[in-house]
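The task is to assemble the complex, starting from two chains supplied on their own in separate frames and drawing on the hints.
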Amino acid sequence: MLMYTLKRLGLALLVTVSVSLVSFMLTRVSGDPAIALAGEGASSKEIEFVRVHYGFDRPLIIQYLDWAGRALHGDLGESPFLFLPVTEMLKARMGVTMTLGLCALTFAMILSIPLGVLASVRPNSWIDRIALTISVMGQAMPAFWFGLIMIIVFGVYLRWLPISGSDTWAHFVMPSIALGYYATPAIMRLVRSGMLEVLASDHIRTARAKGLRWPKILFKHALRNAIIPVVSVAAVQLGFMLGGSIVIESVFAFNGLGSLAWVSIARSDLPVIQAIVLLLATIFVFLTFISDLLNAFLDPRIRSST
Amino acid sequence: MEVVFPTPGRIMRRRMLTHKSFLGGGAMLLLVFVLAFFAPAIAPHNPFHQDLTNRIIPPVWNESGTWDHPLGTDNMGRDYFSRVVYGSRISLLIGFCSMMIAAVIGISLGVVGGYFGGRTDMVVTYIITVRLSMPAVLVAIAVVALIGASTQIVILVLGCLIWDRFAVILRATTQQVRVMDYVQAAQAAGCSILWIIIREIMPNLFNNIVIVATLAISRAIILEAALSFLGMGVQPPTPSWGLMISEGKEFMFFNPYLVTIPGVALFILVLGMNLFGDGLRDITAPEGRL
Numbered sequence: 001m002l003m004y005t006l007k008r009l010g011l012a013l014l015v016t017v018s019v020s021l022v023s024f025m026l027t028r029v030s031g032d033p034a035i036a037l038a039g040e041g042a043s044s045k046e047i048e049f050v051r052v053h054y055g056f057d058r059p060l061i062i063q064y065l066d067w068a069g070r071a072l073h074g075d076l077g078e079s080p081f082l083f084l085p086v087t088e089m090l091k092a093r094m095g096v097t098m099t100l101g102l103c104a105l106t107f108a109m110i111l112s113i114p115l116g117v118l119a120s121v122r123p124n125s126w127i128d129r130i131a132l133t134i135s136v137m138g139q140a141m142p143a144f145w146f147g148l149i150m151i152i153v154f155g156v157y158l159r160w161l162p163i164s165g166s167d168t169w170a171h172f173v174m175p176s177i178a179l180g181y182y183a184t185p186a187i188m189r190l191v192r193s194g195m196l197e198v199l200a201s202d203h204i205r206t207a208r209a210k211g212l213r214w215p216k217i218l219f220k221h222a223l224r225n226a227i228i229p230v231v232s233v234a235a236v237q238l239g240f241m242l243g244g245s246i247v248i249e250s251v252f253a254f255n256g257l258g259s260l261a262w263v264s265i266a267r268s269d270l271p272v273i274q275a276i277v278l279l280l281a282t283i284f285v286f287l288t289f290i291s292d293l294l295n296a297f298l299d300p301r302i303r304s305s306t
Numbered sequence: 307m308e309v310v311f312p313t314p315g316r317i318m319r320r321r322m323l324t325h326k327s328f329l330g331g332g333a334m335l336l337l338v339f340v341l342a343f344f345a346p347a348i349a350p351h352n353p354f355h356q357d358l359t360n361r362i363i364p365p366v367w368n369e370s371g372t373w374d375h376p377l378g379t380d381n382m383g384r385d386y387f388s389r390v391v392y393g394s395r396i397s398l399l400i401g402f403c404s405m406m407i408a409a410v411i412g413i414s415l416g417v418v419g420g421y422f423g424g425r426t427d428m429v430v431t432y433i434i435t436v437r438l439s440m441p442a443v444l445v446a447i448a449v450v451a452l453i454g455a456s457t458q459i460v461i462l463v464l465g466c467l468i469w470d471r472f473a474v475i476l477r478a479t480t481q482q483v484r485v486m487d488y489v490q491a492a493q494a495a496g497c498s499i500l501w502i503i504i505r506e507i508m509p510n511l512f513n514n515i516v517i518v519a520t521l522a523i524s525r526a527i528i529l530e531a532a533l534s535f536l537g538m539g540v541q542p543p544t545p546s547w548g549l550m551i552s553e554g555k556e557f558m559f560f561n562p563y564l565v566t567i568p569g570v571a572l573f574i575l576v577l578g579m580n581l582f583g584d585g586l587r588d589i590t591a592p593e594g595r596l
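Protein sequence lines correspond, in order, to chains X and D.
Just so you know, we're using the numbering used here here: the first sequence kicks off at 1 and counts up by one.
Just so you know, we're using the numbering used here here: the second sequence kicks off at 307 and counts up by one.
Don't take every hint at face value.
[To be verified] Calculated Cβ distances over 12 Å to all of chain D for the following chain X residues: (1) Phe81; (2) Phe144; (3) Lys210; (4) Lys216.
[Said to hold, decoys possible] Distance ranges between label pairs, derived from CB positions: (5) X:Val263 x D:Gly423: 42 to 52 Å; (6) D:Cys466 x X:Phe49: 32 to 42 Å; (7) D:Val410 x X:Glu88: 36 to 46 Å; (8) X:Val233 x D:Val485: 22 to 32 Å; (9) D:Val309 x X:Arg224: 43 to 53 Å.
If you're looking for bench data, these hints aren't it; they were derived computationally from the structure.
Beta carbons are placed, not taken as given, at the ideal position from N, Cα and C, and that holds for glycine.
Looking at chain D on its own, in the form it has when it is part of the complex (with noise of 0.2 Å):
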């Protein structure tokens, strides 16, 4: 009889279908870019048309509730349901773009200073310390207040504040690759530091980019919410998740909707990222946790 081993690829996506969490946390993740990507065809009404005679209407799980405003409406009379939608690609893209950033920052300075060690390291391991010891938040509101807040600028501080926890994973996964046999043959059959680092090196940390910027998208995400709810973040009337909770909050004694519904669809987003992220490194290395 002829045994047939799985091949890794195969066993990879066994891994994958029976791994609850990481299901679970795509599922969420689905809905969310479905959310965002057909957000024109699934929101009932434009985002931005205020209609003064139907403000603060509640949700339609409300006595006074319609179908017509599934989620309600704001203090201006904006559908809120549709401002939800929209708002999941704010999220997303600042998620994305800022962890793009931050990526390149990141993984550059822990590469480099995985790979050469010694001095070089001392120094990216200095650059390292500075940034963790000033504080995210207070930083990020300061200078995107003092630069003018907008959508662009959020992005490029958050991408340039977020890029720790890349520089430290990648410069620990390099030193152990490093000292691998085959970089030693590269290194022994004189190819080039760029080629031994894009070639040899980058393929075996792939899978740890992919957990960490998963990470750090929902670390950005949730950065953008707190910049938005305090005001020097995504400026109105853009619908942002953030600025939602805020314009919510003045109202929220008597229409606590308007704060918990854009808190939930952060939340969902979020968990959803990190049960995915979770997920993915159980899969891909169940022996070793980062």
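The following block holds chain X by itself, in its conformation from the complex (with noise of 0.2 Å):
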């Protein structure tokens, strides 16, 4: 187990590092950024004050090592249009977005294994055919559309919840459920599979052989071997649906990263894009790097074979 974490720490490891390159390069890639900074109809003597303050007239590489060095003593620089640095709006930003993700998670675990399980249960009957088409229309839905009709059905027409801002806990539901829907069939298909996986072997057989329950086999027997791989694809999930909370932070007029990010885009304030997508990046590979551990010692199969 201890050969297995270091080599999964070394991955991640690595992985952080060239993200971080990734997310550093990402805002030279429009070319000048002093340019971008100066703004428009900036004079060129402007733009070369802008490029020696910022630094933009060293090397590339001497950027980004200054960038990540200072990034890795939490420091990530200081944003050009409001003269605040980065760290201090991440932090007032992330409490909002974690809460949402974990929120939509949330929301997409109750409604995907209870579904899985009992589509497991009865292959090809009614349920199963709802979950099917449950996980097929979320698929396919934009989740920013999606929002926006729950927008005009419950805040509008019902009038059931609030439609704009991330005040009270009912801020959340609407948001939490656009952005769970999405990760829904993914989970439901996993549970649904390794469930009529796990009810065709040996010890579900012997169990009901002994007359135990059903609902104690399900539950206690089968659920507890088919949810391994869910708990890594949720961490995944979580990761993607972060990612994705830019979309619908920005319909739901959230105050989140998202919508801070989005923000930050349309006035192309690098300092603080490139602090976003390095703080998620870094938040999905501290996930994956979790979920392997925890896939590991659930299941002594996975640590051997690697």
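As structure tokens, then:
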């Protein structure tokens, strides 16, 4: 287990470094960052001033090492528009987006695990078909459009829920559903196929032969085995949802990382953009690392095979 | 009596004709293809023509709707049905072109990693991991915004972002095919690596490539819609469904059709594409699911 952990940790660190390089290069693909920062109609003298002031005149590799070195100490630079430290800006917005991501994941699990289990107990029944319909629809509906439809129905016509802002728990209901619904199909398919496999195995037959009650077999014996791959997929989906929150946050006027990213992109606030990309990517790497370890811990076969 | 066994082609055809979701998905796709191909003949009006005296006319099923504008008009007085019809071209164009770029990147990486194994495979796996770690939507929006939004840029950026599934699945299938007897026979006969990959391995990957391609197209279409919705994709006045949703959002409280109609169009296209791909998977490989 120690060997496995170290290997995974090494890979995670390597990926984090590459990801930081990509995030850095991302804001350089547009050409000259000094022109972007100086704004439209800036004279060549002003552009030159910006270039020297922010150190864009140095070689790229030096700029990267400088940025990455500071990032390691928690200093992600300063926004040239708000004159605020980027780290503080991210900290202030982080909570809302994390809460949204976790709520969305919870919603996805609550919907997909029971449906997946029911669908596996009676394959090809009406409940299996409903589960399939839900998952097929979830993959075909753009999340932002689903959010807008919910706003029209539950916010405007029925007036049940607030439609913009992130102040109370009620504000989180619709965005979480819109964001979480997209993750539902993947989890449900996994639960269903995992359960089908486990239910056909010998130890379930033994449990039934012993005369154990069906719900107990289902949840204690079968689901426990089928849930293992769900753990890693859930972590990966959480990462996807944090990344996808930029669209949902703009629909619901949320005050999180996504809306900060969108505003920063609109005014090409480069230090903030590259910091958000780096942060989300690092969280994703961390989540996959944890889920790999959790999987290896739960299933010894994984440890020995690598 | 002579027993006639059905040919593989015939089995395939029979499976296609009895597979409900394949047929349903195919029908939806056909509908959108017909709209896109015959757009000038189908659309009753010019999708760019503004008529400020006829703004926000509701669709025909509303009391004040008219048959002159079956789906009503938008806030600039443009015929909504014509814009939906022309919008199908943008979605299909971006879906197919991005998929082609993604296919070239993903297939090359996947086949190379799967065939050579060892160190090469480690590098490929590592590249896939780095790609998966980057938040796709955010990166796409940032790059498009920084370079400058246009249809070509959107295609290029999406193509460079959605190749991961091609790489993951083709790497796995190449690993399976590589150990087959006929591949080893070709290796023993001294065929060049390029020959083996193109003549012995690629034909066996074709089914999987087509299936992953349908998924990649629907993913590109949804991402394009999201980008255009945020104003970082296709630029006005081009009729893109995502852009139409974004433009209608301002007026949706009193005129929800401005948002629902382009969304339903997107839904039908992506649903059709997914059902078609799922059906194709059932038909070509009913035993082994991807």
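Here is what the structure says about each hint:
With a least beta-carbon separation of about 15 Å from chain D, Phe81 (chain X) lies farther than 12 Å from that chain, consistent with its non-interface assignment. In this structure Phe144 (chain X) is not separated from chain D by more than 12 Å, as the shortest Cβ-Cβ distance comes to only about 5 Å. With 12 Å as the threshold on Cβ separation, the claim that Lys210 (chain X) sits away from chain D holds: the shortest Cβ distance comes to roughly 33 Å. For Lys216 (chain X), the non-interface assignment is confirmed: its Cβ lies about 30 Å from the closest Cβ of chain D, beyond the 12 Å cut-off.
A hinted range of 42 to 52 Å holds for the C-beta pair Val263 (chain X) and Gly423 (chain D), which are about 46 Å apart. For the pair Cys466 (chain D) and Phe49 (chain X), the beta carbons lie near 34 Å from each other, so the given range of 32 to 42 Å is met. Between Val410 (chain D) and Glu88 (chain X), the C-beta spacing of about 43 Å keeps the proposed range 36 to 46 Å intact. In this structure, Val233 (chain X) and Val485 (chain D) meet the distance hint of 22 to 32 Å, their C-beta atoms being roughly 28 Å apart.
Val309 (chain D) and Arg224 (chain X) have their C-beta atoms about 50 Å apart, which keeps the hinted 43 to 53 Å range intact.
Violation of the numbered hints given earlier is confined to hint 2; every other hint is satisfied by the structure.
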